[in-house]
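Undergrad: Listed in order, the protein sequences are those of chains A and B.
Quick note: the first sequence, position 425, residue 425 per the numbering used here, numbers continuous.
Quick note: the second sequence, position 154, residue 154 per the numbering used here, numbers continuous.
I should point out that these hints are in silico values taken from the structure, not numbers from a laboratory.
Check the hints yourself; a few may be wrong.
As the list claims (entries may be wrong) - Not everything, but these chain B residues come out facing chain A in the computed CB check (under 7 Å):
(1) Pro-260
(2) Gly-369
(3) Asp-394
(4) Glu-641
All figures in this text were calculated on a predicted structure; none of them were measured in a lab.
Beta carbons: idealized from backbone N, C-alpha and C, even for Gly.
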Amino acid sequence: MSQAKSGRPSGRPVYIVDGARTPFIKARGKPGPFTPVDLAVQCGRPLLLRQPFAASAFDQVILGCVNAIADEQNPARVAALRLGCGTEMVAFTVAINCGSGMQSIDTAYRYIREGSSDMILAGGAESLSHAPLVVRADAVDFLAAMNAAKSPMDKAKAIAGFRPDMLTPVIGLERGLTDPITNLGMGQTAEVLAHLFHVSREMADAYSVESHKRLAKAAAEGWLTNEIEPMFSKDGELFDHDDGVRADSSVEKLGKLKPVFERPYGKVTAGNSSQITDGASWVILASEDAVKKHGLKPIGVIKDSQWSACDPSVMGLGPVISSTPLLKRAGLSLSDIDVWEINEAFAAQVLSCLAAWNDETFCKGVLGLPGAAGMIDPEKLNIDGGAIALGHPVGASGNRIVLHAINALHRLGKKTAIATECIGGGQGGAMLIEAV
Amino acid sequence: MADGFDKNDLVLKTLRARDEELGPGVKSTAPQPYKNWRVTRDGDNLAWAVLDKQYASANTLSAEVLEELDAILTDLEANRPKGLVIRSAKSSGFIAGADITQFLGMTDEAEVAAQMTRAHAVADRLEALTIPTIAVIHGYCLGGGLEVALACHHRIGVEGSTYGFPEIQLGLHPGLGGTARLTRLIDPLEAMQIMLTGKTLPARKAKSLGIIDVVVPERHVEAAIQAALAGKLSSPKPTLKSRVLDSGPARKLLAQRMRPEADKQAPHKNYPAPYALIDLWEKYGGDFEAMKREEIKSFAHLVLSEASKNLVRVFFLRMKLQGVAGKPPKIKHVHVIGAGAMGGDIAAWVAWRGLTVTLGDVKPEPLAGAIKRAAALYEKIGRGDSLRIRDAMDRLIPDLKGEGIAGADIVIEAVPENLKLKHAIYAATEPKMKAGAILASNTSSIPFEELRTGLKKPERLVGLHFFNPVSRMTLVEVISHDQLDAEVERTARGFAGLIDRLPAPAKSAPGFIVNRALTPYLQEAMAMLDEGIAKETIDKAAEDFGMPMGPIELADTVGLDICLDVAEMLKRELNWAMPDTPDWLREKVEAKKLGRKTGEGLYVWKAGHAVKDPKAAKPDADMADRLILPMLNTCVTLLREKVSDDADVVDAAMIFGSGFAPFRGGPIHYAKARGIAEIKARLAELAEKHGERFKPDAGWDALG
Chain A
1 MSQAKSGRPS GRPVYIVDGA RTPFIKARGK PGPFTPVDLA VQCGRPLLLR QPFAASAFDQ
61 VILGCVNAIA DEQNPARVAA LRLGCGTEMV AFTVAINCGS GMQSIDTAYR YIREGSSDMI
121 LAGGAESLSH APLVVRADAV DFLAAMNAAK SPMDKAKAIA GFRPDMLTPV IGLERGLTDP
181 ITNLGMGQTA EVLAHLFHVS REMADAYSVE SHKRLAKAAA EGWLTNEIEP MFSKDGELFD
241 HDDGVRADSS VEKLGKLKPV FERPYGKVTA GNSSQITDGA SWVILASEDA VKKHGLKPIG
301 VIKDSQWSAC DPSVMGLGPV ISSTPLLKRA GLSLSDIDVW EINEAFAAQV LSCLAAWNDE
361 TFCKGVLGLP GAAGMIDPEK LNIDGGAIAL GHPVGASGNR IVLHAINALH RLGKKTAIAT
421 ECIGGGQGGA MLIEAV
Chain B
1 MADGFDKNDL VLKTLRARDE ELGPGVKSTA PQPYKNWRVT RDGDNLAWAV LDKQYASANT
61 LSAEVLEELD AILTDLEANR PKGLVIRSAK SSGFIAGADI TQFLGMTDEA EVAAQMTRAH
121 AVADRLEALT IPTIAVIHGY CLGGGLEVAL ACHHRIGVEG STYGFPEIQL GLHPGLGGTA
181 RLTRLIDPLE AMQIMLTGKT LPARKAKSLG IIDVVVPERH VEAAIQAALA GKLSSPKPTL
241 KSRVLDSGPA RKLLAQRMRP EADKQAPHKN YPAPYALIDL WEKYGGDFEA MKREEIKSFA
301 HLVLSEASKN LVRVFFLRMK LQGVAGKPPK IKHVHVIGAG AMGGDIAAWV AWRGLTVTLG
361 DVKPEPLAGA IKRAAALYEK IGRGDSLRIR DAMDRLIPDL KGEGIAGADI VIEAVPENLK
421 LKHAIYAATE PKMKAGAILA SNTSSIPFEE LRTGLKKPER LVGLHFFNPV SRMTLVEVIS
481 HDQLDAEVER TARGFAGLID RLPAPAKSAP GFIVNRALTP YLQEAMAMLD EGIAKETIDK
541 AAEDFGMPMG PIELADTVGL DICLDVAEML KRELNWAMPD TPDWLREKVE AKKLGRKTGE
601 GLYVWKAGHA VKDPKAAKPD ADMADRLILP MLNTCVTLLR EKVSDDADVV DAAMIFGSGF
661 APFRGGPIHY AKARGIAEIK ARLAELAEKH GERFKPDAGW DALG
């Protein structure tokens, strides 16, 4: 794994002054009502509306998005224009798979910290229901031959090369969730971790039930109302809550599900994996100057961030290898963190992270610690549920967990949080945040 | 440059002037022999005649413009250039049509015909030039403008240009050879459709019909001109089908089919123009010279018809209200409170017109409904312009928390007619509004003297009363009261203009103009129903008079609940001697049989249409007066009470707000045309027969 460069970051303080996300809505087997940019616009409009400054006041707009659609290349720029940020707004899209929404914040953070920007809109948007269908490679060859054929004879020959199965589309999403280096599906990497860290099916299911219950409670208590902005579709449908949550989830129900990635013996099921959803999230980052200029009220300050990498087959350990350097640089231990947001790609993967931190061999050998780092108190981890209950629109999740970590700190009156995620391809991202 | 580019973009703003191709000498200040045309030749000896009508923001065809064109053609014939380009220097478009003021006050058909014959000679002369003639068209190209373009050999349409013959809306048909040239150029059936409907066609449609040769962006205008000069711009030839359709027997058959269709749109006796056009084509189509000759006669006849004069009056009334709107104010953001039928539709319309709209409601469900209706509306009026639709949808922002109030230039309240509710909303809204922002109410019945109590700044409360459906009804009543800031009132009028609506200023008084004048009409219809007259018969009486829809159908369309509310309010506020609301009407409202919106009211409604009994009795001669005269009487009351101090504004409000028979020129105009003394006598007669409510208003004498 790549290791942290030593020393704490220096530069200007960078504040998060506001943020919002859409409800995360389950993909239901057909394209949902919103494209990635639609989601970003639905989320951004109410957020910008409540700011005391104009949409054109940002220096940049940065958006994480993994599956940009053909009609919306560089979705950040399309979103910026549609949000009324003006034609002179610089906007670019970042992609590091499941970390993209956090990558946008981190990039913004660095621009502001070094002094070249004062205010940046950073977000993440993903419409997994719109993930492209990919035409098979042999079909592409066929179409190319058809195009190249000039004479009727050539055309006839080219047509003869057609086979019906060429029409079968390749699900882009499925390919996108498979690591190209190891050809392991993301779910399989969770199977690898479950095996290496002795996570049982029952543990994973129990963890998943808890995720649903926590999210259901947070929604019922109104803890998400200052975070979620409802969406309105063209056909008059209202989306005002995360619709993947199952308050009545139980170990018994989840126990009945079959493994989806490695049959028949695997432990990872649809029930203990994150859901395929559409969603977007934005946060506004500002320098001290911008805060003063516009009279803003910061809600959080970014203290540090870290990206780390390891073998793609164990990508699920991303949170461990990226958060540990943050803790080291800050001189903090696991228990010093009041709120942990570890993105729930898979229950087995989150549980493996916890196990790794409590594993002396791993901590010594991989993290360079003198011994096991210890346990994270479950009451501090994903306290309002996670992606297993509300889904994982890959480009948006990293943004959401930063926003939610700040909101959770405020609700609890606490100070320090880490938001972190594993990233397909063998990486991890983490951000150390304090409430203001 | 791209359609729909951002007008605020610095790069585009800086370079915009470079975009348009106007030939050499655009910047030349050399004296020109013409007042309205700039004629130059470029290095290749291509002549440019650029129309830039003096003292006007838009080009129209006046006698002077045509006389100058005639002189230009004389010059060109003497000293032949390689070709001629005709173009407009006005950014808004090519030529908006003939200058219709030129016929005002004319009474002699022969005089009109003589003038049109002179105009025809110019068009014929342009057509006869043996050098290539090319009309380059941006923006609108309407009526006489299209006729000039049709007399050119080539028509190059710039993207975004629009084409049409709107003469029919003025009770006319094309008069500068358009009927002959268009039926010759394209499928004559399509040509007749265009002229009979008066609809405006987008460039793509004009190209596919063969009206223009090509559609290009401005940046390819020069290349297209060169192609035309080189003979590489082929204009489509009439097809075999067109020629067959233009043959005598086919025309006879088709004309027979067109007449009932036209009658459905506009009854013959009230609107003669469509028939004159169909007759013209049936008799003379296919014979180019005869068609032109007869077009002049028919046109001259129509120009002097009562219907056309009144429709021209309506055109000027529209211009008058556009003038009342004045200069568009700087308003970018509108907040609408209340996502019900009216609020939601106002918000959708304002967003469509390019403003940012936040639509506030305490519940998300009505917001979702409003967004759905907006999407459906945009789909309909957007004509497949998916970018414009997307942008309008993006500008229409549901706002559950009322965050939009703080930044809004105007806040429009459109919640149910409940004073307590409105006061509570104002109390919560006013403190959040920015300095200088306007608070407007869409109330249709609550006096502003009551609405404004409790406001910190009553001087910024104004009425903006929209009509349903907002996207189709062009009127907005702008309501003032004695504490209103004059500047706020002016801005409110300007705002109406900004969103392409017509402002009718009125003082706060029950029902303002339109609802107050309509109510006695509707009430009388109810009284007639009560007497046992069939609803179809009542509606037919009004339709025969020229109303687009009879009073019973109108009541169902507006909603019986709303009609009842307004009637009760007016009776209460004005001590009106109106017949009491029949019990059965009250019962219908209580049973939620409210009209079109519930599927049943006075009529049963199926698929948006009232189910009518075709066997109902024909109305007798008295019925129309019984319905219409109370409306006229009330309009006179409105003027006497100075709710409006301008009879033209009252006429315009009734036409644009209630659809009052346009060919009658408005209620007051109609009364004057029929004779004040006669109207008074009829009212007195009706009062004797049916009751005091018909008593002629004291204001009639001031009009006489």
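Undergrad: Confirm or reject each hint.
TA: Outcome of the hint check:
1. Pro-260: 38 Å, violated
2. Gly-369: Status holds, d = 6 Å.
3. Asp-394: 5 Å, holds
4. Glu-641: Hint on Glu-641/B: violated, closest Cβ of chain A at ~43 Å, above 7 Å.
In this structure, the hints that do not hold are numbers 1, 4, in rising order.
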